[in-house]
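Colleague: Fit chain B to the given chain A structure using the hints.
Protein chains: 2
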Amino acid sequence: MNDYCLATYRCFDEKADFHKKAQSIAVGLTVGSWTDLPEAQKKSMEPHLGLVIDVKIFERGANPALQDRYADIQIAYPDVNFSRDIPALLVTVFGKLSMDGRIKLLNLSFSPAFLAAFPGPKFGIQGVRNALDVQDRPLLMSIFKSVIGHDVQGLREQFLQQALGGVDLIKDDEILFENPLTPLTKRVEICMEAAKQAEAETGQKLLYAVNLTGSTSRLAEQAERAIAAGANALLFNVLAYGFDTLHELSTNPNISVPIMAHPAMAGAFYPSPHHGVSASLLLGKLMRIAGADLVLFPSPYGSVVMPKDENMAIKHDLLTTHLEQDYMYAHTEGIHLVPSLKTSFPVPSAGIHPGLVPLILKDFGHEVVVNAGGGVHGHPMGAAAGGRAFRQAIDANLNGSTLVQYAEDHPELQAAITAWGVKE
Amino acid sequence: MNDYCLATYRCFDEKADFHKKAQSIAVGLTVGSWTDLPEAQKKSMEPHLGLVIDVKIFERGANPALQDRYADIQIAYPDVNFSRDIPALLVTVFGKLSMDGRIKLLNLSFSPAFLAAFPGPKFGIQGVRNALDVQDRPLLMSIFKSVIGHDVQGLREQFLQQALGGVDLIKDDEILFENPLTPLTKRVEICMEAAKQAEAETGQKLLYAVNLTGSTSRLAEQAERAIAAGANALLFNVLAYGFDTLHELSTNPNISVPIMAHPAMAGAFYPSPHHGVSASLLLGKLMRIAGADLVLFPSPYGSVVMPKDENMAIKHDLLTTHLEQDYMYAHTEGIHLVPSLKTSFPVPSAGIHPGLVPLILKDFGHEVVVNAGGGVHGHPMGAAAGGRAFRQAIDANLNGSTLVQYAEDHPELQAAITAWGVKE
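Note that the protein sequences, when read in sequence, are chains A and B. In terms of the working numbering, the first sequence is numbered consecutively and its last residue is 443. In terms of the working numbering, the second sequence is numbered consecutively and its last residue is 443.
Hints listed in this document are in silico derivations from the structure and should not be mistaken for laboratory results. Watch out, some of these pointers could steer you wrong.
Copies of the same chain are indistinguishable here, so a pair counts whether it falls within one copy or spans any two.
What the hints assert, rightly or not - Straight line, CA to CA, 16 Å or less: simulated EDC-like cross-link-like pairs of lysine to aspartate or glutamate:
#	residue 1	residue 2
1	61	170
2	164	55
3	62	170
4	61	192
In this text the structure is predicted, and so the values were computed from the model without any measurement.
The following block holds chain A by itself, in its conformation from the complex (with noise of 0.2 Å):
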């Protein structure tokens, strides 16, 4: 019984033969030609060919979305073929096809077989929330306003203010790299030091994940370094090093805090509806299967904006417990089960204030983490009260109130409203 991975296709043509093209795919990126072997030589390379799953044909008008013709078509291709790492897999489904016309990954469905190289997150949502000892609200991220050019007491200060305002986690911003004014470790031990301050106040604990920046060889041993200074979750832009470095860290057993994918650079890969990568696997499948234990993605809502049917396909892969479930070419007598991989936090992000919080949680229920910059630094009363103000509209959910019922006698949100409006 062979193991296969799952690859579906969107191919975009106004005349191909789409079945042809399914079958020159699942040949030429297997074992290269196949009706011309001889049969004996069939017999031994059948294990390696690849097969055509499905070939969805959708006519010029067909979606009104799309002003093409095109199809959607599903290979599968042997797990002999590729080592069990995420290059090989992206290189066989996707390396040379990826050139060859207009044509998307839209998904990968992995074989257990596969799955089985990958644990997955290591905290996973239930670890965050245990870290942090919240277990029955969506959590409150926010990310520092400005970093560049200032030194550490101007962080040790923004941090605090954030943390005063009752966030979960505070995140570097993603453009902050090894500089002088405030070198990784020392920026590790003022902001914890931050931290330890605020919750000596507000009796909460906290996250702070550092930015893990430089040199792909030696990111290992700076994560090390950060977590030796006292850093308690990592930020790591995966895309600039590749799912196999994310995959690599999270499996490290040394790099004992949770990690958050930052999605840099996704804008290169999944917004073209004619190539590039889905979303959903991208931000999605991808980041858990690599170890992410959350991860930042464009919300429908704010400043930079997903459409929403992408943003839930990637809450679905995020959350969905059993990722085998989706290996649809179930040999049903071959399939083993693998333990699942524990889920990762979905962080919808950019252009998020408190108005936009029962959307969110509408959206997104619980296992969400709310995150905001603007939202929390732009805050008329200043930094904590925007933490304050995000912190009122979850519980004003939580509560079942509306946000403008509940802003009645919580300032801090009335404020906010104010300032930016509501949505519900």
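Modeller: Showing chain B alone in chain A's frame:
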């Protein structure tokens, strides 16, 4: 005097105030806010502030190739904001921005100070020529036809036939990963033995680029193992691992052989006019800076096609002597020229047959590797004849003869022309 790296974007919007948009990029991706800063703080923040260098607006219809209103925007980013590595630069200039509407990263120009951290190709065109002892003609490369499911003896025979045809380089298929049938070191040993056997007949040297795969942290060790087994070149799927990994491999003193960059996954980035990263930046400038000695990319002639102007832009970026020359925002008194990077061999690929050689040499000149798979293996007289037909096509061109003339007393070339035709 500050050093800056320059990014050029194409930004699409039917209504935007592009000057305002440019300003918001320059501020938003550097200091975060500017106009509302106190004057005293402006002074300390100014070295970190991004600058709008140029905004060229194209109203709808101005460019017949693009049905949109757009602007080409150039922003200067202070070097002081990012560490001297490609992930930091890309995350700075196109991390968040890649997701912010319809925008494509067209080009980057590096300050001499930034460029100084990148020694570039260790061998470059001249080093590859010296290793092969071929100075006076374009090179010829062939690719294994089918590799998956074959054992080392099958590979050896394929290798030998290709080598006997007089090719200069042979590369692994990029989808051949570590596997029990043809494990890396065994494959290198047996292929290099075939190379020696062929050399005894042809008197010609040969580089075999073996595919470097698997976990990121073990690539260097694996490269050293391949070299110890006799490998004299490496193939690497750069985009599946990130440019920094290529940079680290190419600067590793123990990796003493040329590195060939494969463009696998590049089609996820470059083909959309509205999103992603231009082909010339992705497969030209960044590959060279990261240290690729040879770079494959789809040609404008064959089966997987890239527009010719994009091909010529890649060629330009691989072959330009002084990369600093395109550092246009030169503070003349501050500029300090660094030693030029070596040039990288362009390898236009996919669907190449001997009848296309005149076109390739006309467009690329002599500093090019003619690369073929099916055009060698599918030759009616066999793979060795396939190689000879290509060499004859190159010789014809060097002798100022047309292929049709030259084919009169070169039966391999004649058979190729009969099979695939000729364009000159």
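Colleague: Give a verdict on every hint.
Modeller: Status of the hints after comparison with the structure:
Within a single copy, residue 61 and residue 170 get their C-alpha atoms only as close as 66 Å, which misses the 16 Å cut-off; across copies the closest is 14 Å, which meets it. For a Cα distance limit of 16 Å, the shortest separation of residue 164 from residue 55 across copies, 13 Å, qualifies, whereas the shortest one inside one copy, 63 Å, does not. In this assembly of identical chains, residue 62 and residue 170 lie within 16 Å of each other by CA distance solely across copies; the values are 14 Å between and 67 Å within a copy. Proximity of residue 61 and residue 192 under a CA criterion of 16 Å is satisfied in neither setting, with 55 Å inside one chain copy and 20 Å between copies.
Checked against the numbered hints given earlier, this structure breaks only hint 4.
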